[in-house]
Structures are given as structure tokens and as C-alpha cells.
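Student: Chains as they are written, first to last, in this note's numbering: chain H, -19 to 373; chain F, -19 to 373.
Don't read these hints as lab results, they were simulated from the structure. Be a bit skeptical, because a hint or two may be false.
Only part of the chain H face toward chain F is listed, based on derived beta-carbon distances under 8 Å [stated by the list, open to error]:
1. A43
2. S165
3. I196
4. N310
5. P352
Treat the numbers as computed from the prediction; the structure is a model and nothing was measured. For glycine and all other residues, C-beta sits at the position ideal for the given N, C-alpha and C.
These are the residues of each chain, in order.
Number of protein chains: 2
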Amino acid sequence: MSPESMSPESMPPEPRSCRIIESTLREGEQFANAFFGTEQKIEIAKRLDAFGVDCMELTSPAASDGSRRDCERIAGLGLRAKILTHIRCHPDDARLAVETGAQGIDIVFGTSSLLREFSHGRSVDQIVERAAEVIELLRGHDLEIRFSSEDSFRSDPEDLFRIYQTVDRLGVHRVGIADTVGVASPRAVSQLVGRLRELVGCDIEFHGHNDTGCAIANALCAFDAGATHIDTSVLGIGERNGITSLGGLVAGLYVRDPDGIRERYDLPLLRGIENFVAELVGIDVPFNNVVTGFCAFTHKAGIHAKAMLNNPSTYEILDPADFGLERYINVAHKLTGWNALRHRAEQLNLELDERELREITRQLKKLADDKPLGLSDVDTLLRSHRSQEMTLS
Amino acid sequence: MSPESMSPESMPPEPRSCRIIESTLREGEQFANAFFGTEQKIEIAKRLDAFGVDCMELTSPAASDGSRRDCERIAGLGLRAKILTHIRCHPDDARLAVETGAQGIDIVFGTSSLLREFSHGRSVDQIVERAAEVIELLRGHDLEIRFSSEDSFRSDPEDLFRIYQTVDRLGVHRVGIADTVGVASPRAVSQLVGRLRELVGCDIEFHGHNDTGCAIANALCAFDAGATHIDTSVLGIGERNGITSLGGLVAGLYVRDPDGIRERYDLPLLRGIENFVAELVGIDVPFNNVVTGFCAFTHKAGIHAKAMLNNPSTYEILDPADFGLERYINVAHKLTGWNALRHRAEQLNLELDERELREITRQLKKLADDKPLGLSDVDTLLRSHRSQEMTLS
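Bound-form chain H, shown alone (with noise of 0.2 Å):
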């Protein structure tokens, strides 16, 4: 319908060929209560593994020798998943990197120096001879190496394509965007990534923070304008309110396209994931978290009910049933309608018509104007009714 959605850009890519980066042993440790033991973190790794990610982020083996330890240790469980580790633009923890034994290196750069240095020209120079001396100490390792700018968003573009452009062609596998505030807007982001797929030939990746609540769909956004690999956490714990969560990210994806999504992950683990992590940091799993929010499949208003009786699809784009999850229809309360009390009579075997049916919900939004009920109370109320019918006949 609008220009853009004419341009050959606006042909979305394959979900399942989204690239997953799992940072809940990088990022994850950035958030406030994420303390995770060696065991812990090997745990994580081998549920994430299971799932069915493509990589996964570690903290820098620079951090303290216990990071570096973990590191050494998980990149020797000989995972499915690509091992990667997250360093600072700098020799000295390149090099502890390589020794760490993880398949890839992810190096960024620091917002500070970015920001600051960016207000005169000479400090892209200075960036990109940096990343040339890392880059070129780590060729010949056989590493997969990403290179990424951090507050990529408040960065001047050009100064960060001439970087991007230049590490591209000094031939990383690579190129990270990102929103390390969570001040992107997915306009924002589309028209970035998007730019930025025209510049170089090297795979793109995005790590989003959610500080406005946009983490999810700028990273879906960054997908769809050719970003080739996205990070995420579980639950997406991290810095602050965190980034991307691996279930959003997915569900997002799964709509596109559940058959491919079905076979990629292994998704009824989703919510075990989930779980241990939020008990490992202390903290609840969002009542409005995706997919496993404990009232994510649960349907209440008359409207939605008797639509949901009939066809799930109509107030339904996840099958909760793909996640091993169940759905629920609450009748018990003044939004219901007459047709969701039928098939709850139906359920209990109660030959009910239509007009007793209507009498029957007029009775519980009565009932349900006082005080909350429960489906007992419906159930009293059906077989009350039934039997009055029967005493009178």
C-alpha cells in the first residue's frame, strides 16, 4: 500500500533463517540480581543448547578468571550452538579470548569513547586502525569475528558506515547495530539496518534494549530490513530493564510462519527456560510475558469466549498447545455471554435452552456485579436452574 511496501526490500526474509544470539550468559550477568555460579551457567547453556539456538554470548574472559574460566569450560561442552565471547576493541582481551577456545569473537566498542570521539573526525581513523590491529590478531585463528558499535543510534551514520564499511572489507564475518539505551524506534531501526544491508556484504546483527518497551519489535524490525542475526536473553534480563527476550523474539517469528518456527526450536522447553533462569535471578516471570505469561492463552469477554468456542484462531495466533501450554476461558464473571454458559452446560451434560440459558447469565451478572466468582458458582447456578426445570416438570 505504501511506497515501501512495494520496494523488493519490503519482501520479508524467512523466519527460520533468523539467526538466534543468545546473551543470557553475557548480558544476562549485566542485570541487576544475575548472579550464575559455573554449574549454573552450564545449565543454562545446555537448555539454551536443547532449545535450539545458533550461538551463544559469554562474558569477556577479561572480566575476572572466574569469567574466563566458564568461558574455557562451556566452550568445551561441545555444544550444537556457537560458543562466543564479548570483548572490548582491545589486543589484550582478544588474546585471552583466543585462548578461551569459544568458535567467535564478538568485539565492540564502547559508547564513551564513541560519543565523545565522534565530534571530531580523526577518531574514525583511530577506530578503525584499533579494530584493524584486533581483527588482524585475530585472523588465522579460524574465529568468527563480529565487530559492533555501541549507541549506535546517537552515533553519527556516516561515521559509523565508514567504520562498518571498513571492517568489511578487512573481513569480518559481522557487523553489529546497537540500541544499547533502547531509544530506537522501529522506523528508526529499519531505516538503519535497512542502510547499513545496502553497505556491506557481511552478515548484520542487532542487540536492542528495551528501556521504552520496543526491544521485541525492533528487533523483529531489524530482521525484516536485513539483519541476519539477533541477540536476546531469557525473559530478556540484562542491563537495566534488559533487551529482546528469546520468547518474544520466537513468538514473533512462530506467527510468521508456525510450521517453520515448529521445526526449527524445540519450543515446549520455552517455558522451563524461563523458569529456572527467573528463579536462579530471583524474580517472576512477567504476568504479560510472551507465550508464558500465566494469562497469555486465558479468554474472558462474552465476545471473545463464544468466539473461541467456535474457533480459537478468531482471538488466537499462537497455538498454545505448540508450546506445551493450555488454554483457558473464563465464564465466570459479567463480561460472559449466554453461548459461552451453553457450552459449559453442554460440559457438564445439562440440557439447557436457550431461553433458560439467557435467564441463567442474567442471574450471574448479577451474582458477578457483588463479588468475584469461580466456575463452581457457574456450575451451582447451571444445575440449580436444571433442576428447578425438572421439579416443575
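Starting from the structure of chain H, add chain F where the hints point.
Tutor: Frame of chain H, contents of chain F only:
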């Protein structure tokens, strides 16, 4: 950069011009745990009015006698915000709604009918016929009239546009696009709303569900594409895992124009409203809730802490003080850096040079590899080290 960004439509509207239709008392009542008594509804309405929302949408008076009475009570409070009520497109509901004294009527068409009937064209005429009847009935009552479809993103756009253009000519004040099932991508929202903006002269409302976690981003995209009104609820409560949250939308507008939004809304009231509603419906505010999540302003990684100490804007796009909140910089972990510890030493009035601080940082990281630490551990380490120095000298 992209063709899109060259077009006039890409000039974003004034954030403060966004009109919020707060639907906690309608959509929020459809939340699994929601049971609001009359006094509770009144308290919610007063708090939202004090915060500065433009309109409040209430459950249909046709839902139950209590719903009708509550609608009359709240419409009679004389709040600054406009009171709207939400009805099916039916003359009986419309008559009831007029009698409540509400200032606006939000008419909605059920999904099931749309989905089913759109398979054959005559349905569009039926819908328009019914709409005309109800709109005619409401006209002359000095009411604001909105006409919305349901599940707009799974309906035939051409059918939708025909209906919207007709009701626009019939004189409704606002047409509504609803992503009832949370299936829409930000791009789809931009395209549908953008196209509708070209076809109707009346205001446009957007209502978006959060099934794939895109409700906040989709609302911002709708606003950018020409929507004048956005539906929200406190914490996003609603059917299933809910809709765009009030705090999320306001935060998204705030980052574009902090001064304008500070003037427009009483931001420090947000947390109190969220806590009040969370308690009523028996949920916890999500750990990652926009603005008010417990860690939304907690900074941890060393490089972040260092930059934050120099200039908070490096890693914060929202000023916690504007929301009556405070920032917390956590330095007691293995991701910390010596600059962060120097800042803490200064707070404790301990004179430590870089060499000493780097050594203390090394010791702290070693401790942090083994167990979670608190600020007291950091202070002990800083003080003990200082005293060693003093005994040595």
C-alpha cells in the same frame, strides 16, 4: 536515508499532541484477575485524571446493571478527562450508553462477524447499514462518536477502508483500528494507519494487543503514521497478556520530547497508579516494566558505571527524577571497574590512588567470582586496604 524518510509523512507528529484513551476500566476489566468494585473504579478514574489522560473508556452499560451504574457514577464525577463507553454496534446498547451521561461512545464491530462475513461482499453493506442506524441514533446527543473494526489486520483492507470512508462521511469523530489478536508487525501498523490517514478526514484511534510483545512499539508506529488517539491500560492489563501500557506509551513519547511530556502529564504519579492497580488485580509490577521496573535505572557493567558517573545521559534516555525515581549504580560484582570503585572511595572520603584502586578491583573481582557481594563488601575492602596503606606508611 530510505525513500520513506524523505517523504513528508515521515515528519513525526508532536509527541504532546498524542491523545490517550485510557481503557483500564474497559479493556482492563477483561484482564483475567480483574474485578473492580465501584469505589475502586472511581479511585482509578481519579488517579488517571490527575495523571492527565485525555479520555477514559468504560465497560459497556449493556454488560451488567453494575456496569451501567458505574458508568453513570464516573460520568457524573466531573473529571477533566472525557468519559467514553464501549458498545457493540447495536441500537439497544446505544440507547443505554446515551442514558449513562458518557461524553463519547466507542462503537465496535465483533471480529467473528467481520471475519465470517467479509468472505462475501454484501456483508460490507450490512455493516454500513447497521452502523448508519446506530450513528443516526446517537447524533443530536452532542456525543463524540467512534466507530472501530475488530481484528483489523486480518480483514480485507479494501473492505475496511470502504467502511471507514462511509462512517467518516456519516460524521463519526473517530475511526478505530484494532490489532485485537496482537498479530500486527510495526511495519503493518505503519502501512495500514498511513493508508487510512489518506482516506478519512476524522481522527484515527489505534488499539493494539501484546501477544508478541509489540503493543508499545505498534502504538508509537500508529501515532507516527497518523493516528491521533492511542488506547492504553495501566501496566497494559487486558484480555490475554493485554495491550499497550500507559507507562510504556508515555515513556516512548517522553524520549522524543521530555519537556513537552513533563508539562503534559504528572509523571511522578505513574508509579502510584501502577502499584494501586497491580494490588487490585493481584499481580506484581513486571521486573522489566518500562520506567517503574525495579531495575529500570540500575547500572551494573563497569563500562556503563564509569560513563554514568561522568554523564548519566550516556546510558539513560529517561531521567528517573522526572518520574520521581532514583538511579542506582551497582559496583559490587565482577563486571565492575576501578573507575566505579574510585567514585565509591570518594563517597567514603578515602584517598586511594589508581594503583591502589586497580589492586582493590582485582581483589573484588576475585571475591565476586565466588559469591554475590553487597556494597558493604566493597566498602570493607576499600577501608581495609586504606588502613593497610596507613599502617605501612
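Student: Compare the structure with each hint and give your call.
Tutor: Evaluated hints:
1. With its C-beta approaching chain F no nearer than about 6 Å, H/A43 sits inside the 8 Å limit, and its interface hint holds.
2. Hint status for H/S165 relative to chain F: holds, with the closest Cβ pair at about 6 Å, below 8 Å.
3. For the restraint placing H/I196 at the interface with chain F, the shortest Cβ-Cβ distance is roughly 4 Å, inside the 8 Å limit, so the hint holds.
4. Given hint, H/N310 at the interface with chain F, holds; its Cβ is 6 Å from that chain's nearest Cβ, closer than 8 Å.
5. Taken as an interface hint, H/P352 checks out: its beta carbon lies about 4 Å from the nearest beta carbon of chain F, inside 8 Å.
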